[in-house]
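Protein sequences appear in the order of chains A and B. Take 1 as the starting number for the first sequence in the UniProt record's numbering and just add one per residue. Take 1 as the starting number for the second sequence in the UniProt record's numbering and just add one per residue.
These are computed hints drawn from the structure, not numbers from a lab. Treat the hints with care, as some may be off.
[Said to hold, decoys possible] Partner residues aside, some chain B positions facing chain A, computed with beta carbon under 7 Å:
(1) T40
(2) S41
(3) P124
(4) D125
(5) W133
(6) D234
(7) P242
(8) R296
(9) V298
(10) N341
Model, not experiment: these values are computed from the prediction. C-beta: ideal position from N, C-alpha, C; glycine also.
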Amino acid sequence: MAVANVSAHDVSNHDHHDHEHKDNFITKYIFSTDHKMIAKQYLISGMFWAFIGGLLSVLFRLQLGFPDMDLSFLRPILGGWIDASGKLDPNFYLALVTMHGTIMVFFVLTAGLSGTFSNFLIPLQIGARDMASGFMNMLSYWFFFISGVIMFASLFLEKGPAAGGWVVYPPLSALEQAIPGSGLGMTLWLIAMTFFIASSLMGGINYITTVINLRTKGMSFSRLPLTIWAFFLTAVIGLLSFPVLFSAALLLVFDRSFGTSFYLSDIYIGGEALPNTGGSAVLYQHLFWFLGHPEVYIVLLPALGITSEVIATNSRKPIFGYKAMIISMLGITILSFVVWAHHMFVSGMNPFLGSIFMFLTLIIAVPSAVKVFNYLTTLWRGNLRFTPGMLFSIGLVSFFISGGLTGIFLGNSAIDIQLHDTYFVVAHFHLVMGAASFFGMMAGVYHWFPKMFGRMMDEKLGHVHFWLTFVGVYMVFFPMHYIGIAGFPRRYYSWTNFSFTDMYTDLNMFVSVASIITFVAQFIFIFNFFYSMYKGRKASLNPWQSNTLEWTTPLHPKHGNWPGEIPSVYRWPYDYSKPGAKEDFIPQTVPLSATPESNLPHENKLVQLEKEIMAEEGDVLVANETKES
Amino acid sequence: MYGLLISIGVLLLILVIWMVYRIQTLISVAKGSDKKIATTSNKVNAILFMVFLIGAGVLMFWYSFKEFDNYQLPIASEHGIVTDRLFWITTAVTGFIFILTHILLFWFSYHYQYKENKRAAYYPDNNKLEVIWTLVPAVVLTVLVVSGWKAWSDITSPAPENAHVVEIMGYQFAWDIRYPGADNQLGDYDYRLTTATNSRGIDFTDKNSFDDFASQTVVIPKGEPVLFKIRARDVLHSVFAPHMRLKMDAVPGMPTRFWFVPNKTTAEMRQELGDEEFDFEIACTEVCGNGHFSMRKVIEVVEPEEYRKWMAEQEPFIKRNPELVADLPAELKELADIYINEE
């Protein structure tokens with residue numbers, strides 16, 4: 001096999017490298033082409049952005065929970081955005097909401113999650129030395145970095161950053177007369193997003209190529225861990241949908257700067273009638289949501305993949321319905337492209353289209369339901385170890401259920417009439433995509449921290465972090481359902497102008513307090529993370545007694561991951577608690593022929609085949625593998 | 001001074017946490033419990049899941065029942081009764097699944113916690129189960145979708161011929177209301193005609209506009225179909241009448257519509273709620289700028305007779321401001337003058 005030959009060549013090259021080539025600080029930590037270092041860069045950047053995004057949400061929660069509060073004490077940070085009477089500027093409130101959304105969706109849950117774990121785990125779990133293109137991988141990170149710098153800079157503009165909501169619907173986002181944030185702030189938003197899209201495309205191409213081409217010997221698609229399936233499909237979704245966002249952004253740039261009328265029509269603003277006619281504001285919404293909805297799955301699928309792996313490992317059980325899990329992820333991938341207009345039921349689009357998208361949307365609930373039932377069955381009769389990773393995974397399942405079920409309301413266009421753009425929607429997507437993905441990310445960090453840094457994170461702090469965050473997230477978002485059913489619209493600076501929203505000040509205050517507690521609780525994690533990085537207990541090679549390939553690497557794998565030959569794979573990754581086996585786990589590198597006591601009938605047939613292949617490979621390999629197990 | 005004290009306090013707190021953390025780590029190393037899996041904390045976590053399940057469950061039920069009248073907005077339109085019924089049916093179905101799956105999730109977590117001498121079951125798949133829990137949600141969802149689809153088609157079907165037309169135009173940051181007058185036909189408009197005196201850009205060369213009039217509130221009759229013709233002048237807005245269960249975006253350059261039948265007058269609703277101040281309201285639900293949260297308009301639902309009386313009392317634009325038609329060609333001007341001079 002060509003692939004196998006190539007990687008065999010790689011081995012000898014790399015051995016050379018290790019001797020002759022010493023990495024200096026810049027090539028090791030900054031312009032690194034090692035997927036593990038790039039993953040860490042993504043992770044640290046993601047944490048930085050999560051902090052910023054969280055902080056912004058605390059600021060606007062202060063406004064919503066304590067509308068009468070004197071915010072003068074924030075003047076050292078916010079300056080002129082706090083007016084003379086100590087009130088938050090309504091324009092800046094909108095900017096906060098917008099930037100919170102943009103940062104969380106794109107910088108934290110897309111780049112921070114996919115960027116970290118796709119980069120870190122794909123080569124390690126499929127048995128590759130690195131990504132297909134290390135250089136492009138590096139470029140991907142640095143494009144993301146530039147994007148981040150530009151977005152960050154926009155926070156400090158005199159007229160504020162973009163403020164038209166994270167969806168930046170024109171005409172609001174196209175006309176500076178409409179809102180100050182649509183001036184330079186919006187320009188920087190668009191530039192930053194352009195870099196971001198380029199970054200995620202380069203990342204995505206790499207992930208896909210690597211998974212298809214660089215799997216080690218024996219690692220067929222039917223033996224891939226579900227994490228890799230999830231990352232692979234996520235990359236496919238990103239590759240197909242991000243370019244559409246780019247086109248939407250590009251047309252918006254034209255409308256803003258070059259006088260075109262793609263989205264603008266019949267506008268009278270600031271005392272003058274604009275010349276633009278014939279454009280359609282709804283066109284933008286179609287283009288945006290063609291990315292926007294798949295984006296939900298771009299942030300969710302990796303989290304679900306991580307959870308599958310963590311739950312199986314810590315339940316000491318094979319993931320239930322491996323094939324069903326893959327099929328439902330494939331289903332979600334395909335369906336995610338044909339449901340976008342459920343965000344637009346009341347946008348004025350043809351109601352017939354609404355009916356079509358309602359049917360398609362509720363179909364996508366079926367694979368999601370299958371996934372939940374499979375997680376539950378995996379826990380059933382397991383032997384559960386509540387590592388922090390496991391706790392966060394269980395938390396994810398809970399959020400996925402809670403947030404997923406409210407999607408059934410919103411996907412139903414008749415019910416959506418009332419709930420659209422209310423706090424019910426806010427509660428829904430924060431649970432199902434925000435909190436669930438965030439928990440997947442946390443589960444991943446706790447679970448693979450030993451592989452990343454060779455040390456363990458503190459378990460007890462992890463437990464405290466989990467419980468504070470889990471309860472906190474529910475305290476923040478569960479009450480929002482009531483507020484939403486009562487009809488409170490989103491992105492409102494204050495509730496007192498309407499009699500139907502002039503209530504629930506207590507509940508809003510409660511939500512705000514809960515959000516501050518939850519935010520502060522994250523510092524436990526930050527401390528645990530950085531402290532353990534240097535002072536944590538030294539990890540053993542396979543601390544969770546897991547089956548996947550990454551745990552066969554040395555404690556601190558060098559660039560190239562395995563010092564010698566890349567191990568071959570002989571079985572699927574979920575042989576936990578197999579009857580007859582001595583240990584309750586059998587790593588993927590253990591040949592079936594080495595475990596006659598636990599083989600299932602159909603596996604015994606494979607043993608013969610396996611032996612023939614191994615005979616070809618030579619005895620050395622066999623000896624190595626059995627020794628390691 | 002306070003700042004200093006607070007920061008010292010925070011610093012001390014962090015130090016205390018730090019100490020506890022260090023001591024705890026050292027103890028666990030000394031006891032060797034860091035190597036064990038079936039630790040107390042494993043058990044504590046398992047128990048906490050049950051505590052959470054029961055605690056959060058009780059809290060949810062208690063609050064949902066206690067607050068029901070608060071978050072359940074009264075309904076004032078015929079289709080609202082249908083969509084609310086759908087909402088509560090969906091709540092019942094999803095609520096059942098929500099509770100069931102959470103009981104399973106947390107019960108399994110508690111019951112199957114790690115035990116030293118236990119071994120997990122090797123149970124990798126069961127196609128029968130997979131088929132069941134693919135088909136059951138599919139069937140349940142189909143039922144929900146079909147009922148939702150029926151309601152949706154009824155709501156979005158073309159308005160009846162006799163529907164009372166009201167034009168609602170959104171702009172930063174208010175709504176302008178226009179009535180078509182006796183002919184129930186709105187006059188044409190063109191955004192380029194917008195001026196200070198003609199904020200809606202009405203084209204007065206269209207005869208239909210002669211009897212059009214403005215109103216400060218949306219006055220509509222109870223029990224008769226009403227058609228909102230919705231448009232926007234600058235950016236996106238969205239007409240949201242929560243009690244009517246009505247929402248539709250206002251899009252510049254693309255007029256939209258929503259028709260419905262109000263089934264309670266303002267007076268009836270005031271009596272029902274025992275709130276003399278009560279008003280039906282319109283809010284904006286599409287972010288439109290810094291005044292987004294203040295685009296309030298009142299809907300006044302009245303008995304049909306009262307509505308007709310009110311309609312007859314209103315003065316057309318051109319009567320209030322004859323300037324608007326000053327430049328019309330002679331023929332049209334004559335016609336317009338009839339409206340202006342009408343008593």
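Here's how the hints hold up against the structure:
1. T40: Status violated, d = 10 Å.
2. S41: 6 Å, holds
3. P124: B:P124 check passes; min Cβ-Cβ to chain A is 4 Å, inside 7 Å.
4. D125: Since chain A brings a Cβ to about 5 Å from B:D125, closer than 7 Å, the hint holds.
5. W133: With a minimum Cβ separation of about 4 Å from chain A (threshold 7 Å), the hint on B:W133 holds.
6. D234: 4 Å, holds
7. P242: Hint holds; B:P242 Cβ to chain A Cβ min 4 Å, cut 7 Å.
8. R296: OK, holds: B:R296 within 7 Å of chain A, min 5 Å.
9. V298: Given a least distance of 10 Å, the restraint on B:V298 is violated.
10. N341: 31 Å, violated
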